[in-house]
Amino acid sequence: MKIRLVYSKLAEAKYVAHLDLTRFFTRALRRAGIDVARSQGFNPRPRISFGPPLAVGAEGLAEYADVEINGEPRPAELEAAMRALRSEMPRNIPILDYKTLPPGAPALTAVIDLACYLVWAPLRAPVAEADLRAGLDEWLRQPEVVIMRSKGEGIAMKKNIRPFVRRLALGRTTDAGDAAFPAPAAPGFVLELEIGMSNAGSAKAADVIDSVCEFLALPWDKRGVAITRTALFTRGEKRRSPLEL
Amino acid sequence: MNNYDEPARLRRALDRILPAVAKPGRYVGGEWNMARKDWAAAEARMAFLFPDVYEVAMSNLALRILYGRINDDPRFLCERAFAPWPDMAAKMRAEKIPLYGLESFRPLRVFDALGVTLQYELSYTNILHMLDLAGIPRQSGRRLQGAWPWLIAGGPGAFNPEPLAPFFDIFLLGDGEELLPDTLALIGADMKRGVPRAETLRRLAGRRGVYAPAFYTPLISGSGVFQGVKAEAPAPVRKAVVADLDAAYFPVRCIVPYNETVHDRVALEVMRGCTRGCRFCQAGMTGRPLRERTPAVLRRQAQESVRATGYEEISLVSLSTGDYSGISGLLRDLTSDMAGLGVNVSLPSLRLDSFDVALAAEVGKNRKSGLTFAPEAGTQRLRDVINKGVKDEDLLRAAADAFAAGWSSIKLYYMIGLPTETEEDLDGIAAQAEAVLAAGRRRRGGKIKVTAAVSNFVPKPHTPFQWAAQDSRDTFLAKQAYLREKLRRTPVKLNCHDADMSAAEAVLARGDRRVATLLEVLADEGAMFDSWSEWFRPDIWRKAFGATGLRAEDFTSAKDLAAPLPWDHLSTGVDKEFLRAEALKAESGERTEDCRLLCGLCGVCGDPV
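Chains as they are written, first to last, in my numbering: chain A, 1 to 245; chain B, 1001 to 1609.
Since the hints were made in silico from the structure, they are not lab data.
Keep in mind that this is a model prediction, so the values were computed, not measured.
Some hints here could point you the wrong way.
Cβ pair distances, simulated, as ranges [as the list claims (entries may be wrong)]:
1) A:His18 with B:Leu1219: 30 to 40 Å
2) B:Ala1435 with A:Asn43: 23 to 33 Å
3) A:Pro53 with B:Glu1534: 26 to 36 Å
The beta carbon of each residue, even a glycine, is placed where N, CA and C say it ideally should be.
Starting from the given sequences, assemble the full structure and let the hints guide the process.
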């Protein structure tokens, strides 16, 4: 049976690398007494798959994992197993919800199409809200936004990130910090950012923020930027989470 | 640094630098089973310091045991701090972020005690780096005024701590399960009553297992000859021993890291001590007497560990797990206990006989990763000298068995520079490795791999070879070149250990108190992570010798059997007379029996616990 889990990655857990998640979930599931299915072959791998990777250092409020377990537990048994799993998860990676998947359900990476972010960008000096708004509109009006992405070992590639940015809007602005982010009292603003992801690729939230702040020539405090992925949505007219499919 | 006394501030400051360092998960804690204790309620607050990177530190069994033991006691609190990797250390310096405890993000400066484990000598410069990063004065004499934490060290290195003596208040000798909490309790109670530190130190000195170096002054002649110790507290200091391993604390709820560590599994300690008596082996001498856990206790601990950690592997650890009395039965039982849980049981180190290969085959898995054997020397004569009771035919039979059982890769561990070694012994290494290769080819054809991993002999205190000379760097290099040439046309892969690193290790292992100055210069010059070949800087070491006027040869040359040694006032329970007799037997190639079969009268069992 395949189960889709919704979880958050908060506080210190934002530094857990995507590649370490399989090992982490396998151990939590074993603590909870849940028998995870394994691949065949010489080196069997637990059948767990994840949605699009979250950058190290970014928090995620609703992230997804598909877990295949052995057996076909009845709803009450599954509920008990999930209760056990919740108590075996660290406080910074809580399980929020789950559902069973029909056989043959497509993988998370095949259905997820949109990632929503809230970004806190602190400033070294206040900037007028009207100027920020005008600047964002101007950024969005550009037909393409080409950035240089390092591909390691001194190889850099050009990439147009504009097509992936589906929405970019100014949220709250403040002169003295934002309670939603672990930031000291400082002026700054919140960006609401939606990034599309498809076979053609995607853009990194951090790259978009860098580009926007540089384009607007803001007195921004780059190392103070805090990124939270708030939601992931699936392809289609209506916004539905991978759990609502 | 004062503004980082508030944990939330320090935590926020980290967020500004962590996205740009490698493996930031090393620096934020928060793992499963991490202790979260009430700072204000604790009578004594300790941080366990491991002077190496997170992935190495978190693999260490002493950390697991003592972290669990201290935190399970409602009176205490124990956090962790490790050596930040150089990228992180540079950023912390730039931001003036002090080294902190991973549990609460409090600077190390505000703890009552810092407990450093001395697992290997080449981690010593990292200790000074950690103190520097923490903003804590290195010298204990400079911490008398003000509320600095107590600096405590334990572990194998505590049996010759003289190179570190000026930096620590006390060293704890032997098993720490009871000694450490007892020590913390005394320190905590004295702090509460406002007892001056010097008085507490005086009360600690003389307790079993406690070495307070301030009361022991080494006498060193003008020409640098060590002449003994002037003791103003009881001597010798005898190590603490946990007599009953079944009753001893065992950490079933050990921390499960997110980052993959070196030994990322449950470590089940099946026994402590070793009866083989290899003459070069420090752990084999200092870990005596042998104590085993009973199978029923081990099975329970295995079950509880898997339940509390979710680990997929249990490793049966000890100095020589194949020697555990009930090993076959234990493996069978554990394997069946774990069968339904998807948990493997593994053996970390193997000796040399077919019995061990059969055991390894029984646990089955990991055939890809290969088997390791440690013949240590290339000829029977030299193996007799070092008391490694292994015969050529044992090795070849074991290797053939392993190849037949499906392994395709074998690694052989050797040491060069052992006492009495000749060219013939080097030839023996090459010949033995080639014979193993031939045995493999007979069974499996061409696709097998044999590696000879050759390390350099380092004489260690409290062993029968504590008086022996270490080869010079040039001699090591010449011997390595000789082996490389011998094996050049064969498919045997040869890995040789860095000769400069081995010389540095010897200086720290057998150093007296003068070596502390060397360590300070090394740290000032930026030496760190010396046990990592990519960070070891021989140029800095040469410079530090020049600056201090010390010579490596003072510590690497042979010592007179009758001369006093810098660690004579610290007792492992093994009589020096026994070590001396073993040294003489080694010279004549005479073997000493496994002490389970015939007591060698080393004295440890007569030492009251």
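Here is what the structure says about each hint:
In this structure the supplied range 30 to 40 Å is violated for His18 (chain A) paired with Leu1219 (chain B), their Cβ-Cβ distance being about 60 Å. Distance hint check: the CB atoms of Ala1435 (chain B) and Asn43 (chain A) are about 31 Å apart, consistent with the given range 23 to 33 Å. Checked against the given bound of 26 to 36 Å, the beta carbons of Pro53 (chain A) and Glu1534 (chain B), roughly 29 Å apart, stay inside it.
This entry does not satisfy hint 1, going by the numbered hints stated previously; all others are met.
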